[in-house]
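Which chain is which? The protein sequence lines are A and B, in order.
Going by numbering that gives the first Met the number 0, the first residue of the first sequence is number 0, and it counts up by one from there.
Going by numbering that gives the first Met the number 0, the first residue of the second sequence is number 0, and it counts up by one from there.
Note that these hints are calculated values from the structure, not bench results.
Even for Gly, the Cβ is constructed at its ideal location relative to N, Cα and C.
Heads up, a few of these hints could be off.
[Stated by the list, open to error] Stretch-level coverage of chain B by chain A, calculated; a stretch enters the list once three of its residues show a Cβ under 8 Å from a Cβ in chain A:
| no. | stretch |
| --- | --- |
| 1 | 1–8 |
| 2 | 30–38 |
[Claimed, not checked] As a list, the in silico DMTMM-like pairs of lysine to aspartate or glutamate whose alpha-carbon atoms are at most 25 Å apart:
| no. | chain 1 | residue 1 | chain 2 | residue 2 |
| --- | --- | --- | --- | --- |
| 3 | B | Lys116 | B | Asp51 |
| 4 | A | Lys99 | B | Asp51 |
| 5 | A | Lys46 | B | Asp109 |
| 6 | A | Lys99 | B | Asp109 |
| 7 | A | Lys99 | B | Glu128 |
| 8 | B | Lys4 | B | Asp109 |
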Amino acid sequence: MSDQLSTTFAALADPTRRAILVRLTAGEATPRELAGQFPISFQAISKHLKVLENAGLISRRRDAQSRPCRLEEAGLAVAAEWIEGHRRVWQDRYDRLDRKIREIQERERS
Amino acid sequence: MTETKIVATPGSQDVALTRIFDAPRELVYRVYTDPELLPDWWGPDQYTTTVDRMDVRDGGSWRFIQRGADGTEHAFHGVYHTADGERIVQTFEYEGAPGHVMLETTVFADIGGGRTKVTNTSVFQSPAERDATLATGMTDGAVRS
Numbered sequence: 000m001s002d003q004l005s006t007t008f009a010a011l012a013d014p015t016r017r018a019i020l021v022r023l024t025a026g027e028a029t030p031r032e033l034a035g036q037f038p039i040s041f042q043a044i045s046k047h048l049k050v051l052e053n054a055g056l057i058s059r060r061r062d063a064q065s066r067p068c069r070l071e072e073a074g075l076a077v078a079a080e081w082i083e084g085h086r087r088v089w090q091d092r093y094d095r096l097d098r099k100i101r102e103i104q105e106r107e108r109s
Numbered sequence: 000m001t002e003t004k005i006v007a008t009p010g011s012q013d014v015a016l017t018r019i020f021d022a023p024r025e026l027v028y029r030v031y032t033d034p035e036l037l038p039d040w041w042g043p044d045q046y047t048t049t050v051d052r053m054d055v056r057d058g059g060s061w062r063f064i065q066r067g068a069d070g071t072e073h074a075f076h077g078v079y080h081t082a083d084g085e086r087i088v089q090t091f092e093y094e095g096a097p098g099h100v101m102l103e104t105t106v107f108a109d110i111g112g113g114r115t116k117v118t119n120t121s122v123f124q125s126p127a128e129r130d131a132t133l134a135t136g137m138t139d140g141a142v143r144s
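For reference, chain A alone in the conformation it holds in the complex (with noise of 0.2 Å):
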């Protein structure tokens, strides 16, 4: 696994830190925004941010007063290429199972 896969994974692993990404899908919000929205420290939260934004899952931008933070779409497709991956292999194994299935009731049909 690449080592971009693991940061990727290791951050969405933390709940909190996807229920950022879930409000962050509203739209930009600032670290001070986000600290009202969840039942923990402001220093938690920025926290939560530096691991989000070292696995390439939000960035900031600068402000006059604040950081603002926005979702990064490619980092979250970079978790869900692995798991499409998985899905492709299983749904052409469940594919060829059917045919042999449906080859097997044709035959004995007849």
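Following the hints, complete the assembly by docking chain B onto the known chain A.
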């Protein structure tokens, strides 16, 4: 043909796949557990699958080998716990990564109208192990590099 659905929640240690077959449960189960038929559907097209052992009963064991055109071989083995016509519980281990054993449960549900829903759930030893194993394709029978 119906779609194969996957659920792999971030941070969890399992992955689940579902598929609906337009055939009665008895037939789906029979084809699924037939060692003669397994080579025709289990492995990806670029490999030839051979059944070394496939003793589908509580306490029985299984071992499949996949050979590529270039001679590369990948073997997988495990033991069956439950195999009662509705459910198969088995372990799964890729011999290229010994010790990383996962628990696989396959449920064959009669959903009426002569159709069967197959749900396959694999539980890994940790979320990290699930992600690493699946990202490298170790469980697929086709080891991606």
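Outcome of the hint check:
1. 1–8: holds (count 5)
2. 30–38: holds (count 3)
3. B:Lys116 x B:Asp51: Judged against 25 Å, a Cα distance of about 28 Å means the pair is violated.
4. A:Lys99 x B:Asp51: holds, 21 Å
5. A:Lys46 x B:Asp109: violated, 48 Å
6. A:Lys99 x B:Asp109: Given pair A:Lys99, B:Asp109 holds - Cα atoms ~19 Å apart, limit 25 Å.
7. A:Lys99 x B:Glu128: violated, 33 Å
8. B:Lys4 x B:Asp109: Holds, at roughly 18 Å.
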